[in-house]
Amino acid sequence: MRARTLADRGFSAAASRLAVNRRSAVSASSLQTRWHRMRTAGARGVRVIRFGWRLTLWSLGLLLVGGGAMAFAMWMTMRDLPLADVLPPLPEPTIAVQLANGETLTSQGAYRAPYVALDEMPPHLGEAVLAIEDRRFLEHTGVDLRAIARALLRNTRAGDVVQGGSTISQQLVKVLYLKPERTYARKLQEAVLAGMLERQLGKERILELYLNAVYLGSGAHGMPAAAHTYFDKDVGELSLPEAALLAASIQLPSQVNPLSNLAAARERATLVLRLMVEQGRIDAATRDQAVKGLAALEPKPLPSRAGSYFADWVLKELETLKGQSGGGLSATASLNPRLQASAERIVREVMAERGAAAGATQAALVIMTPDGRVRAMVGGLDYKASQFNRAADAKRQPGSTFKLFVYMAALAMGAQPDTRISDDPITIGDWKPENFDRRSHGTVTLRQAFAHSYNLATVRLAQEVGIGKVAEVARMFGIEAELRPTPSLALGTSEVTLLDMTEAFAGLLRGRVPVRATGIETLRLSESSDALSITAINEREQMSLSRTQGSMLALLRAAVEEGTGRAAAIEGLDILGKTGTSQDSRDAWFIGLVRGRGLIVGVWVGNDDNSPMDRVTGGSLPAEIFRRTVTAALEGTPAPQAAQVQRTAPDMAERAQCDLRACSAAYRSFRASDCTFQPYSGPRRLCTR
Numbered sequence: 001m002r003a004r005t006l007a008d009r010g011f012s013a014a015a016s017r018l019a020v021n022r023r024s025a026v027s028a029s030s031l032q033t034r035w036h037r038m039r040t041a042g043a044r045g046v047r048v049i050r051f052g053w054r055l056t057l058w059s060l061g062l063l064l065v066g067g068g069a070m071a072f073a074m075w076m077t078m079r080d081l082p083l084a085d086v087l088p089p090l091p092e093p094t095i096a097v098q099l100a101n102g103e104t105l106t107s108q109g110a111y112r113a114p115y116v117a118l119d120e121m122p123p124h125l126g127e128a129v130l131a132i133e134d135r136r137f138l139e140h141t142g143v144d145l146r147a148i149a150r151a152l153l154r155n156t157r158a159g160d161v162v163q164g165g166s167t168i169s170q171q172l173v174k175v176l177y178l179k180p181e182r183t184y185a186r187k188l189q190e191a192v193l194a195g196m197l198e199r200q201l202g203k204e205r206i207l208e209l210y211l212n213a214v215y216l217g218s219g220a221h222g223m224p225a226a227a228h229t230y231f232d233k234d235v236g237e238l239s240l241p242e243a244a245l246l247a248a249s250i251q252l253p254s255q256v257n258p259l260s261n262l263a264a265a266r267e268r269a270t271l272v273l274r275l276m277v278e279q280g281r282i283d284a285a286t287r288d289q290a291v292k293g294l295a296a297l298e299p300k301p302l303p304s305r306a307g308s309y310f311a312d313w314v315l316k317e318l319e320t321l322k323g324q325s326g327g328g329l330s331a332t333a334s335l336n337p338r339l340q341a342s343a344e345r346i347v348r349e350v351m352a353e354r355g356a357a358a359g360a361t362q363a364a365l366v367i368m369t370p371d372g373r374v375r376a377m378v379g380g381l382d383y384k385a386s387q388f389n390r391a392a393d394a395k396r397q398p399g400s401t402f403k404l405f406v407y408m409a410a411l412a413m414g415a416q417p418d419t420r421i422s423d424d425p426i427t428i429g430d431w432k433p434e435n436f437d438r439r440s441h442g443t444v445t446l447r448q449a450f451a452h453s454y455n456l457a458t459v460r461l462a463q464e465v466g467i468g469k470v471a472e473v474a475r476m477f478g479i480e481a482e483l484r485p486t487p488s489l490a491l492g493t494s495e496v497t498l499l500d501m502t503e504a505f506a507g508l509l510r511g512r513v514p515v516r517a518t519g520i521e522t523l524r525l526s527e528s529s530d531a532l533s534i535t536a537i538n539e540r541e542q543m544s545l546s547r548t549q550g551s552m553l554a555l556l557r558a559a560v561e562e563g564t565g566r567a568a569a570i571e572g573l574d575i576l577g578k579t580g581t582s583q584d585s586r587d588a589w590f591i592g593l594v595r596g597r598g599l600i601v602g603v604w605v606g607n608d609d610n611s612p613m614d615r616v617t618g619g620s621l622p623a624e625i626f627r628r629t630v631t632a633a634l635e636g637t638p639a640p641q642a643a644q645v646q647r648t649a650p651d652m653a654e655r656a657q658c659d660l661r662a663c664s665a666a667y668r669s670f671r672a673s674d675c676t677f678q679p680y681s682g683p684r685r686l687c688t689r
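Under our numbering, the sequence shown has 533 at position 533, and the numbering climbs by one with no breaks.
For the record, the hints were derived by calculation from the structure and aren't laboratory data.
Keep in mind that the hints are not guaranteed to be accurate.
[Unchecked claim] Simulated crosslink set (DSS-like; lysine-lysine; CA at most 30 Å straight-line):
#, residue 1, residue 2
1, K384, K300
2, K233, K384
3, K174, K233
4, K469, K395
5, K292, K233
6, K174, K203
7, K469, K432
8, K384, K395
9, K233, K300
10, K316, K300
11, K316, K384
12, K233, K203
13, K316, K395
14, K432, K395
Based on the provided sequences and hints, a complete structural model is requested.
Next up, the structure:
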């Protein structure tokens, strides 16, 4: 038993060892398998965890990028909005010209009448505008979603943009702040600012601003300006038909214009009246009466006023002076309204009386003082028919008025009025000049030759002093036109303007040359509250004529007292002047000085097509216009005096002598308000050009 037991035990022990070994092996194998599984599962878990973190990070990144992109887009959209202040900005830069009495002569840019409060406008004006432009104005908060949906539906059906959904608040935003762009960003800006306007200003203030700012065609901005433009009345006097007609032109101011397309304007105004009835703003009887009144309305453009040629000319001068300066500019014009009106009347009268028989169809006139200030300018017989300014822009042959420079050259070289010169025939190459009377007069004095406008003596004198010297003197007097250096230059064959020659004669009377014409007395820039006195040419750049002025004035006096200009003489006045007639009487001139009264008057008569006139000379029609003009100018009122240079403090004196033309042309940084420019380094400097 014991052996068996032992055996059994042995067996059992062996079996136990085997079992233990087998269990150990199984356990090790299971452990390895389990460990492998755990390792595999752990790797997968790590990968899952890592993917989850990556997904989270990517999501956060996309959110950040998307949010940043949205923020950037919003910033780009809103960055140029005037969020700090939604009150109306200053009007866009304009150029305005007033007369000395404060009356407006002309302006460039938007025409805006004085601002008018809402309670000073007729109620039916606002009702008409709301009926056609924003029927739910009192209900929305700046943006009308119903109007947008309605416009979208109608535009889709029409296949084109036939209706807009902008409220009056949005339209005001566009007028005051935003440039006209059709983008979604711009629409978003409109909506934001419209809401701001509604919150800060309120409905009444918005409507008032809108009625004073909306463009209504023909250059008129705002209902007050449109009332004057179309009906020549104050906005408070507008009738219901007139109000409907103006409201009708808001959406299409060019196409639905009461002046250029009255039929279309009436048709749309009838629509305005119908909408007013549908919206309960007026009753049917009132509409019917207004429709009858609408049929009788015939808006007419304002009549052209005296000085239209001058107004165009002075605006060009102001544009040059303004240069690249921002902001507006206002000026007081040198124009004398009484002189201007009488000059226009006299030119028309003389040409009506004698022009047709003489074959003359046009005339021009300039009146200025010795310092170049233009008191009157007539650029033609009818501004409405032709806006071409024959006084300032037409280049014509001046004829014998150009002899001023020949005789000035001779006087500068030592000649005197009693110096003698031959008027015998002269031949230069193939050219044989002649006197007007086809005769020669032997030996004559310079006084006789000039007074009677002898061509032979003048050509010979020009040869003696030199054609180059004659051209040099003309340049000294400010003539900038092309001067052909041929012998015929002495007889005025190179073309110049009437303004050029009148400036030259003004310089002679002043005793300093050159003189530059200006239409401005004082100038005020928006950046400065001070009015600047304008000097077209700095005296430091002028040349004195003290040695020759007296002798030349004596020659001009002789031309009126005993020569070709006798028709210009006026009893009791010291009149000096010179006639001029180009070949075949294509141009006739007279330029005269009123000594002691500070007036220089230049007159030209001719035809736009340069056709010959019938024996018209400078001593006929031009001299007649001169005589009548001066007589009217000095009758009953003190004659204008030459401007005197004011003696002021040194800094003001320097400013008074500021040559705005030269400085603005020389320096891009020139500032007219204090006559300074910005050099490359250092502080601003005074312009002394």
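Structure-based check of each hint:
1. K384 x K300: Satisfied, since the Cα-Cα distance of roughly 14 Å is no more than 30 Å.
2. K233 x K384: Judged against 30 Å, a Cα distance of about 22 Å means the pair holds.
3. K174 x K233: holds, 28 Å
4. K469 x K395: holds, 22 Å
5. K292 x K233: Roughly 20 Å separates the two Cα atoms, so the pair holds.
6. K174 x K203: holds, 17 Å
7. K469 x K432: Roughly 22 Å between the alpha carbons, so the hint for K469 and K432 holds.
8. K384 x K395: holds, 21 Å
9. K233 x K300: holds, 12 Å
10. K316 x K300: Holds - the C-alpha atoms of K300 and K316 are around 27 Å apart, at most 30 Å.
11. K316 x K384: holds, 19 Å
12. K233 x K203: It holds: about 27 Å lies between the C-alpha atoms, which stays within 30 Å.
13. K316 x K395: holds, 18 Å
14. K432 x K395: Distance of about 25 Å is within 30 Å: holds.
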